[in-house]
Amino acid sequence: MKKKLFSKNTKSPIIVSSGPFTDDLTTINKLFEYGIETITTKTITYSEKRYLNKIFLDKNYVFNKSGFSNKSVDEWLSIIKVLKNKNVIVSIFDEDPIGISKLAKLFQINGAQVIELCLSCPTFGKDPICFDIKKMKEICIEVKKNIYIPVYVKLLTTPSIQFNRRMVQCIIDCGIDGITISDTIPALLLDKNKKYMFDGAGGISGLFLKPMVLKFLDDIKDLDINIIATGGVENMNDVIEYLSMGVDYVGICSTLLKNKLDVISKFV
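Position one of the sequence shown corresponds to residue 0 (numbering that gives the first Met the number 0), numbered consecutively onward.
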């Protein structure tokens, strides 16, 4: 049975996904002023892996190796207290099940309404945690022990029907409330000197990602879980296509990086 995401209803299914525009209080408040009702924070972690701020914009795609938020957990706790009456999804990361569970509990205590476990990030050149079903299960079970607010897991789409279903079924079996699909796709770009751009692999997104996410949604259409779909959203037609697949919310990010905040008027 699907759990309601927020205590108060929203008029719009649009979410600004985790990214550079959701990494500080000033910009987040500006998003709300533009009419956005829901945002997902930049991913928060105790990890030494910090915000690298490496983004390459192309007319067809966005390549990034931006990493996690550069703000400390304590800084984010202060921000969440200020935003406790807003629709904010708190994105967190830790490779250790106990570590990420403690982080989730800390934000729950300090007013978070929804937690997103970022188990999908490909921007450090390693397989995302969501590809390790056993480890993902350990994390989800540990988090759900102490968390009563809705918990989502961010996933990465794959070409495999069976693996897509295994990831989602694992999440359902652990009592997790929803998924966000999809994070950026692992990729590698070369610069003009044929050297690795940004010193290695990162994540790529753009219009090409939407058909891949639609395929994922079709793969799991009989599984009962809340869904935030993100990837390749440039206009309202993209939003409507995602909604037609039964998702609850639609995330935007790359289009903001390419067109800045003014593009929000297209959606709201």
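Keep in mind that the hints were calculated from the coordinates and are not lab data.
From the three backbone atoms N, C-alpha and C, an ideal C-beta is built for every residue, glycine too.
Please note: incorrect hints may appear among the correct ones.
[Stated by the list, open to error] Only pairs whose alpha carbons sit at most 25 Å apart, straight line, appear in this in silico DSS-like list of lysine-lysine:
| id | residue 1 | residue 2 |
| --- | --- | --- |
| 1 | 104 | 58 |
| 2 | 143 | 58 |
| 3 | 257 | 70 |
| 4 | 101 | 58 |
| 5 | 29 | 85 |
| 6 | 53 | 193 |
| 7 | 10 | 80 |
| 8 | 134 | 144 |
| 9 | 85 | 134 |
| 10 | 193 | 70 |
| 11 | 29 | 10 |
| 12 | 133 | 144 |
| 13 | 101 | 70 |
| 14 | 125 | 29 |
| 15 | 193 | 29 |
| 16 | 191 | 143 |
| 17 | 10 | 265 |
| 18 | 101 | 134 |
| 19 | 70 | 80 |
| 20 | 53 | 101 |
| 21 | 85 | 101 |
| 22 | 220 | 53 |
| 23 | 144 | 80 |
| 24 | 10 | 209 |
| 25 | 70 | 104 |
| 26 | 104 | 133 |
| 27 | 220 | 58 |
| 28 | 209 | 144 |
| 29 | 80 | 101 |
| 30 | 58 | 10 |
[To be verified] Using C-beta positions, here's what the derived DEER-type ranges look like:
| id | residue 1 | residue 2 | range |
| --- | --- | --- | --- |
| 31 | 174 | 8 | 31 to 37 Å |
| 32 | 190 | 265 | 39 to 45 Å |
| 33 | 108 | 160 | 37 to 43 Å |
| 34 | 159 | 8 | 34 to 40 Å |
| 35 | 11 | 190 | 36 to 42 Å |
| 36 | 161 | 73 | 38 to 44 Å |
| 37 | 165 | 210 | 39 to 45 Å |
| 38 | 73 | 34 | 27 to 33 Å |
| 39 | 131 | 160 | 14 to 20 Å |
| 40 | 143 | 110 | 16 to 22 Å |
(message) I'd like to know which numbered hints this structure contradicts. Please list them from smallest to largest.
(response) The structure conflicts with hints 1, 2, 4, 9, 10, 14, 15, 16, 20, 22, 27, 28, 30, 31, 32, 37, although it agrees with all the remaining ones.
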